[in-house]
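Asker: For reference, the chains in residue letters:
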Amino acid sequence: MNTNVATMKGKAADVEKDASMRKQKEMMAAHYDRLTAVPQTGEKVCSTFVPGNLNELIGCFDLVNNLPEVNAIQNGLRRTSGQYVLEAEKLGHSEDVCTYVKSDIGMIAKGNIAPNGKPFPNPDVLLLSYTGCFTFMKWFELLREQYQCETIMLHTPYMGDGKVTPNMIQYMVKQLREEVIPKLERVSGVKFDIDRLRERLARSAQAEENLVHVLQSARRRPSPIDAYFGGIYYIGPIFGAFRGTEDAIQYYRFLREEIDARVAAGAGPITPEGDMGPEKYRLVVEGPPNYTNFRQFWKMFYDEGAVVVASSYTKVGGVYDLGFRHDPQRPLETLAEYCLGVYTNRSLPMRIEMLSNYVEEYGADGLLINSIKSCNSFSAGQLLMMREVEKRTGKPAAFVESDLVDPRYFSAANIKNRLESYFQMVEQRRASARSAA
Amino acid sequence: MTMPDTATIVARASALFEDLHFSSAREWKSAAPGRKVIGYMPIYVPREIIHAAGMLPLGIVGGGDQLEVIHGDAYYQSYICRIPRSTIELGVSGRLDFVDGMLFPSICDVIRNLSGMWKLMFPHVYSRYFDVPQNYRDDIGGNYYAQELAELRDALAELRGAPVTDEALRASIVAYNDNRRLVRELYDYRIAQPWQVPAAEVYLLMRAGLVLPVEQHSELLRDYLAAARAVERPRRDNCRVVVAGVFCEQPPLNLIKSLELAGCYVVDDDLLLVTRWLTAEVPTDGDPLQNLALAFLHHSESTAAKYEPNAREKGQHLVRAVRRSKAEGVIFASPSFCDPALLDRPMLQHALSEAGIPYVSFKYAENSGQMQPIREQAGTFADSIKLWSGQ
Ligand code: SF4
Ligand code: SF4
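If you're matching them up, the sequences are chains A and B in order.
For the first sequence, counting from 1, position 83 maps to 78 in the working numbering; every step adds exactly one.
All you need for the working numbering is the position in the second sequence, starting with 1, plus 6.
Just so you know, the hints here were simulated from the structure itself, not pulled from any lab data.
From a predicted model like this one, the values you see are computed outputs, not experimental measurements.
There could be a bad hint or two in this list.
Per label pair, the in silico range of CB-to-CB distance [said to hold, decoys possible]:
id : chain 1 : residue 1 : chain 2 : residue 2 : range
1  : B       : 33        : A       : 165       : 40 to 48 Å
2  : B       : 79        : A       : 358       : 31 to 39 Å
3  : B       : 319       : A       : 270       : 53 to 61 Å
4  : B       : 319       : A       : 87        : 17 to 25 Å
5  : A       : 161       : B       : 317       : 29 to 37 Å
6  : B       : 395       : A       : 143       : 27 to 35 Å
7  : B       : 29        : A       : 87        : 39 to 47 Å
8  : B       : 156       : A       : 262       : 52 to 60 Å
9  : B       : 8         : A       : 161       : 53 to 61 Å
10 : B       : 29        : A       : 406       : 40 to 48 Å
From the three backbone atoms N, C-alpha and C, an ideal C-beta is built for every residue, glycine too.
Okay, chain A solo, but in the shape it has when bound:
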């Protein structure tokens, strides 16, 4: 799935000089250096997914976390994913399946080069945290075939009925205690220490608190952040390899201070071209973004004065704004609850309720769905979601389509047209509301 955009290149870098941005860049660079230095340092590598990412646990075994989804995003942003997807299709992978998987497999086939230009090490263990997306299971079966390494399944039941049952928690805790932890001990050679886990969980909760503060700042007018395009940067450390670390605490402290300062100054969000002009439209966005044309996509919004005030994508690695925090008092249970609660593990009615509430709570003009061609986890059901959210909120919704990292499916003209008509629709609604008043 998702997340973590490490570097804003070019113009963005000229504009964004905030401490948080610098900090994130340093963190990511250091992380990739640590990963690619594994042949020299002898550290061991654990690959895993963003949703259901058990970073605190992985850290307890001194394993270095590698996230194939994040690598796919990096390849999308660097525009290398297109050739990787084609390479995977040449190797026999269907044109119909998730392009993250194909970007990853194509990258491996082409030398497996990390963003720092050095080769990625092979993982020592694949932690198949199976949460919210069917593709994960096949993805790691495919990687297991490639790397022939230990693979650990942690099965998270789906919240089909909109609730977490004691049976689900027991099942997950037992898997953690009797399968995941002993296998991680074996691979790493490090004995599990529950106090170490507690410490990391406590650090996670601190960072989560500040992330939520930042995300919820978008309730203000003008919103000081863009909670989708900008939000993707903000979730980077916590969704990636840094949850539970001091670095993450520091990053979110910086970020919070910066956003508070923007609020105090009455400023809107920062964009790759500097401050956004006056806020004209406030949107809630459902679905992942397109990464191959990320800047171009974002520009279509800020050029029109449209700011995203809340998004579901920034909840795929954890839904913190609804109250969940990692709890050091219940270390294994809290990991189970975390995995159960990620956005894509929620039933469709739960997702619809969440989006409808966002529209209300964040004072949005409506909902925009970016439907991803190759992602059934998000996309199946989105047309009903759109109609339901419209019905419940009385606000208009719009639908655009693209792909995560396959540039063949990004049609700028189509998306721009749709957005323009959508903004016109919002204007019309406003005008008729004014005349009715």
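Got chain A; can you put chain B with the ligands on it based on the hints?
Answerer: Chain B with the ligands only, in chain A's frame:
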């Protein structure tokens, strides 16, 4: 009483297959007051529990190529498979208005999300996402699953207004053991003499098992087996293939027929796996839910929706199916946009390549009309197999 011949039995199965109003299930329901019907989608649900609750399990596998999808397309983008939209069509067009509950098994994200859509669109129907374990230890996945089964049993008990007893569950296990034995007998008979049981007939018989009460279906299978053995049919110079990937969205009947016309005897397949999901008899003594849970863990089919914990085992079920059925090759037929079938396929293909088993792959949709390309591909594949085997 004269024994029905295969044509008569197949005609009955065919009528059930074509009936998109599910008249036979409607009749079953109205034959006695208080009867309830529980729909389920691929890939597997424990039908024993529904049966033990005195209800009719009704397999819903989309609308096929005969259903005109008018509303369903408004719910799905073009890049999502066909089965959810035609299933929605069945729902919104009132064809499922007699169905009291729907179970959406853990197979993929499309069916998973459909479970939530159903809750919203048909709020008066009992809808449940039916999860299964991906951990195969008795004390972990087994306990979890037994509890899930208990929750399902209790929900159905609530729906009927009376408990579902262990006795009833044991009796249902007996009925389904019998049914699975007959299904396996039919599959084995086809392996032995595929010219005697054309793939399309086997398919229609399995489809009948989705709509008929299990006892009636078992009778149908018994009659068919007896009738098929009684008459010798002409033997063709066909090669023998296993068809894989057809476990959810259904291939059109014409596609199945086309394979045989193109020179391939289908000697095994993964169509309608629910009819033979459990591969061994489920014990009828002891705790019935525990027995169903352990059967799932240790004696159930391998398929893309299940995690394979053992790397060396990946794809071997297909290699074994080829060996067991003395097949000469595999035809991968996958629904377009089907994650499980298409993501799994490269790994299965690698296992086949290592075992020296040839294969061919194509995609279909439940409403594919043009069979010519598929027939040509299958024909070329059959010819090449014959060439390799020096016939
Ligand atoms: S299918 Fe969607 S959720 Fe799953 S890995 Fe791909 S992009 Fe992520
Ligand atoms: S055809 Fe494949 S993708 Fe579609 S619902 Fe069935 S299993 Fe899921």
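Asker: Now, for every hint given, state plainly whether the structure supports it.
Answerer: Structure-based check of each hint:
no.: 1; hint: B:33 with A:165: 40 to 48 Å; verdict: 43 Å, holds
no.: 2; hint: B:79 with A:358: 31 to 39 Å; verdict: 34 Å, holds
no.: 3; hint: B:319 with A:270: 53 to 61 Å; verdict: 57 Å, holds
no.: 4; hint: B:319 with A:87: 17 to 25 Å; verdict: 21 Å, holds
no.: 5; hint: A:161 with B:317: 29 to 37 Å; verdict: 33 Å, holds
no.: 6; hint: B:395 with A:143: 27 to 35 Å; verdict: 33 Å, holds
no.: 7; hint: B:29 with A:87: 39 to 47 Å; verdict: 44 Å, holds
no.: 8; hint: B:156 with A:262: 52 to 60 Å; verdict: 56 Å, holds
no.: 9; hint: B:8 with A:161: 53 to 61 Å; verdict: 58 Å, holds
no.: 10; hint: B:29 with A:406: 40 to 48 Å; verdict: 46 Å, holds
Against the hints set out earlier in the document, no violation occurs for any number.
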